Amino acid sequence: TASGNFCRNEYNATGLCNRQSCPLANSRYATVREQNGIIYLFVKTPERAHSPAKMWEKIKLSKNYAQALEQIDKELIYWPNFNIHKCKQRLTKITQYLIKMRKLKLKADERPKLVGIKKKIDRREARREVKAEAAARLDKAIEKELLDRLKSHAYGDAPLNVHEDVWKEILEGEKGEFEVDSDQTDEDDSQSEAEEDEEDEEREFVSDQSEDEEDMEDMFEKEYEHETVSL
Amino acid sequence: MVEINTIKNKLKRDELFLKQKTAKAKAKRDRRTALKNEEASNPEKKEKRLAENVPNTLENTREFDETMVEEDEEVAADEATDEFAQYFQNGMTPKILITTSKGPSASVYEFATELVDIFPNSHFVKRRPQFEMRHIVEFSKNRDFTDVMIINEDKKEPNALTLIHLPDGPTAHFKLSSIALSKEIEGHGRTSSHKPELILNNFNTRLGHTIGRMFTALFPHVPEFQGRQVATLHNQRDFIFFRRHRYMFKNAKRVNLQELGPRFTLKLKWLQKGTFDRKGEHEWMFKPEMETSRRKFFL
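So the sequence lines, in the order shown, correspond to chains X and H. The numbering used here puts the first residue of the first sequence at 1, with every later residue one more than the last. The numbering used here puts the first residue of the second sequence at 1, with every later residue one more than the last.
Worth flagging that the hints you see were computed from the coordinates, not collected in a lab. Keep in mind that a hint or two might mislead.
[Claimed, not checked] Taking lysine to aspartate or glutamate pairs in the EDC-like style, the calculated list, with each CA pair at most 20 Å apart, reads:
(1) 131/X with 59/H
(2) 88/X with 73/X
(3) 156/H with 110/H
(4) 253/H with 157/X
(5) 140/X with 259/H
(6) 279/H with 132/H
(7) 119/X with 291/H
(8) 105/X with 132/H
(9) 296/H with 125/X
(10) 183/H with 147/H
(11) 144/X with 110/H
(12) 126/H with 157/H
(13) 103/X with 153/H
(14) 287/H with 110/X
(15) 267/H with 110/X
(16) 267/H with 133/X
(17) 113/X with 63/H
(18) 120/X with 289/H
(19) 120/X with 259/H
(20) 250/H with 174/X
(21) 102/H with 110/X
(22) 63/X with 73/X
(23) 269/H with 174/X
(24) 267/H with 129/X
(25) 131/X with 154/H
(26) 253/H with 169/X
(27) 253/H with 73/X
(28) 269/H with 133/X
(29) 102/H with 157/H
(30) 155/H with 122/X
(31) 113/X with 132/H
(32) 113/X with 291/H
(33) 175/H with 129/X
(34) 250/H with 157/X
[Claimed, not checked] A few chain X residues that face chain H, going by a derived Cβ cut-off under 10 Å, partial list only:
(35) 69
(36) 70
(37) 109
(38) 112
(39) 128
(40) 144
Since the model is a prediction, treat every value here as computed from it, not as a measurement. Using N, Cα and C, we set each Cβ at its ideal position, and we do this for glycine too.
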């Protein structure tokens, strides 16, 4: 492909650096550029060369491609063919890439989402994984869990995954613990009896006749009668 | 005794330092052997010493997490009505679809065959380029699958696993690392078609519970104990280690384990409530800025 010096000026219509296409070297120049998806025709004339802020006339082109071409023809009437031609070429290219961009945006969901590789994070996680694995002591954890399940009878009373002898061993081990437990429960019974005695002491049997003031007066009257009789 | 660092003569200084060093080492050795002999005759002393000097580990000094679950009624009620209730209460058998990302390489296929071996009642389907995630989810729902697993790859190696529970179950995305296929494991055993037992360790927080239940729902309800196969998912510091073993009880205190099948590590990257939705919100997402403390774990 043919190559040449590239021009860095944003208003250059061709992109190459030569006398004909330099926006600085020519006092009468035109380009087509797009901003936010809208295409504009930028025109520079010698009449405005003294005010750099207002040098470029920004003309919004029609969204319709054919009408935009006609617009260019109308605005740049009597201009050299080179400028008109290059502007039209640019317009074509820009409309094409804008269409492509819009199509891609619609399909963006279906495209795999690219995630950056964060080296520092990856290194850190790899190191931590190694340490976590060491801390996990997987074999020991698995053995412990399996033994716990066996001892808690989670496999039932005649498990299929143990050898008979081993299972008997475990059952005997439990019986031994059970005997020890039953000794302890005897002690518990005697203790509970003692507790019951204490509770008995806390309890009393009380008659259901309530002690009212009237009764008390009756009692006193009776005593008085007795005394008089004895005298 | 002259201070060693005041002696100017290097040869003499080195000599004295070496003497001091060997003396220190000898003193330490003697102290330790004396302790060992004492404790050999008196095991209670050892227990006492161990109980007094408990070392601080990351697990011991873990930052307080308010989402830790311990016999909570509310949690139990939640779990009775969540997406896995079907599995836990009605005993629905899992049916798993395993597929890959588009254009996979050989190692991904190998890993996929291993996965098919791990989960009974799972099927591998080659990924067709015209189908996107949402199509896959739709198709699997139509064919009564309960879970979909998608293996993602990077640079010709599997690097991530997306697990979608159907219908409308949570979607979890894990980073896969340290994959060892069974042929790479020395002394590995042959798997049989018995349904394996499951061990899930250390899934303590609410998030951990959800993930734990998700894994449980991948395996059939009732294991076949006569197969003596066990699959373990052990969470340690947010890394979930997967192992498969065949066990044999040697006696009441020891179990022999033979490793079967692959081993790999998972790390949860994000969790979404419904099925996969690229623009949907995430119930939990890992961000490196969450990891400021060495003692903070999420699972």
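Tested hints:
1. Annotation: proposed proximity of residue 131/X to residue 59/H holds, straight-line Cα distance about 12 Å (limit 20 Å).
2. Proposed proximity of residue 88/X and residue 73/X is supported: the alpha carbons are some 9 Å apart, at most 20 Å.
3. Note on residue 156/H and residue 110/H: the hinted pairing holds, with a Cα-Cα distance of about 12 Å set against a maximum of 20 Å.
4. Restraint check for residue 253/H and residue 157/X: the C-alpha separation of about 19 Å stays at or below 20 Å, so the hint holds.
5. Restraint check: the Cα-Cα separation between residue 140/X and residue 259/H comes to about 13 Å, which is no more than 20 Å; the hinted pair holds.
6. Between residue 279/H and residue 132/H the alpha-carbon distance is near 14 Å, which keeps this suggested pair within the 20 Å criterion.
7. Pair hint residue 119/X plus residue 291/H holds up; C-alpha atoms about 15 Å apart against a cutoff of 20 Å.
8. Restraint check for residue 105/X and residue 132/H: satisfied, since their Cα atoms lie roughly 16 Å apart, inside the 20 Å limit.
9. Distance hint between residue 296/H and residue 125/X is fulfilled; the C-alpha atoms sit about 14 Å from each other, no more than 20 Å.
10. A hinted pair counts as satisfied when its Cα atoms are at most 20 Å apart, and residue 183/H with residue 147/H does not qualify at roughly 27 Å.
11. With a CA separation close to 32 Å, the supplied pair residue 144/X and residue 110/H exceeds the 20 Å bound.
12. Simply put, residue 126/H and residue 157/H have alpha-carbon atoms about 17 Å apart, close enough for the 20 Å limit, and the pair holds.
13. Distance hint between residue 103/X and residue 153/H is unfulfilled; the C-alpha atoms sit about 27 Å from each other, more than 20 Å.
14. Between residue 287/H and residue 110/X, the direct Cα distance comes to roughly 24 Å. Violation of the 20 Å bound is thereby established for this hinted pair.
15. Restraint check for residue 267/H and residue 110/X: not satisfied, since their Cα atoms lie roughly 25 Å apart, outside the 20 Å limit.
16. The suggested pairing of residue 267/H with residue 133/X holds, with an alpha-carbon distance near 13 Å, which does not exceed 20 Å.
17. Between the alpha carbons of residue 113/X and residue 63/H the distance comes to roughly 34 Å, so the proposed pair goes past 20 Å and is violated.
18. The straight-line distance between the Cα atoms of residue 120/X and residue 289/H is roughly 13 Å, inside the 20 Å bound, and the hint therefore holds.
19. Distance check on the hinted pair: residue 120/X and residue 259/H sit about 33 Å apart at the alpha-carbon level, beyond 20 Å; violated.
20. This hinted pair checks out: residue 250/H and residue 174/X have alpha carbons roughly 17 Å apart, not beyond 20 Å.
21. For the hint pairing residue 102/H with residue 110/X, the CA-to-CA distance comes to about 11 Å; that is within 20 Å, so the pair holds.
22. Distance check on the hinted pair: residue 63/X and residue 73/X sit about 16 Å apart at the alpha-carbon level, within 20 Å; holds.
23. Using a Cα cut-off of 20 Å, the hinted pair residue 269/H and residue 174/X is violated, with the two alpha carbons roughly 45 Å apart.
24. Distance check on the hinted pair: residue 267/H and residue 129/X sit about 9 Å apart at the alpha-carbon level, within 20 Å; holds.
25. A threshold of 20 Å between alpha carbons decides the hint, and for residue 131/X with residue 154/H the separation of about 24 Å lies outside it, so the pair is violated.
26. Only pairs whose Cα atoms come within 20 Å are accepted, and residue 253/H paired with residue 169/X is accepted, the gap being roughly 10 Å.
27. Simply put, residue 253/H and residue 73/X have alpha-carbon atoms about 95 Å apart, too far for the 20 Å limit, and the pair is violated.
28. At roughly 19 Å between alpha-carbon atoms, residue 269/H and residue 133/X fall within 20 Å of each other, so this suggested pair holds.
29. Restraint check for residue 102/H and residue 157/H: satisfied, since their Cα atoms lie roughly 13 Å apart, inside the 20 Å limit.
30. For the hint pairing residue 155/H with residue 122/X, the CA-to-CA distance comes to about 15 Å; that is within 20 Å, so the pair holds.
31. In summary, the hint linking residue 113/X to residue 132/H is supported, as the alpha carbons are separated by about 13 Å, within the 20 Å threshold.
32. Our distance criterion of 20 Å between C-alpha atoms is broken by residue 113/X and residue 291/H, whose separation comes to about 24 Å.
33. A C-alpha spacing of about 12 Å is found between residue 175/H and residue 129/X, which places the hinted pair at or below 20 Å, so the restraint holds.
34. Simply put, residue 250/H and residue 157/X have alpha-carbon atoms about 18 Å apart, close enough for the 20 Å limit, and the pair holds.
35. Taking 10 Å as the C-beta contact cut-off toward chain H, the hint placing residue 69/X at the interface is violated, the least distance being around 38 Å.
36. For residue 70/X, the shortest C-beta to C-beta distance to chain H is roughly 42 Å, which exceeds 10 Å, and the interface hint is violated.
37. Restraint check, residue 109/X versus chain H: the minimum CB separation of about 6 Å is within 10 Å; hint holds.
38. Nearest Cβ of chain H to the Cβ of residue 112/X: about 7 Å, under the 10 Å cut. The hint holds.
39. Taken as an interface hint, residue 128/X checks out: its beta carbon lies about 7 Å from the nearest beta carbon of chain H, inside 10 Å.
40. Among the interface hints, the one on residue 144/X holds; its C-beta lies about 9 Å from the nearest C-beta in chain H, closer than the 10 Å criterion.
This entry does not satisfy hints 10, 11, 13, 14, 15, 17, 19, 23, 25, 27, 32, 35 and 36, going by the numbered hints stated previously.
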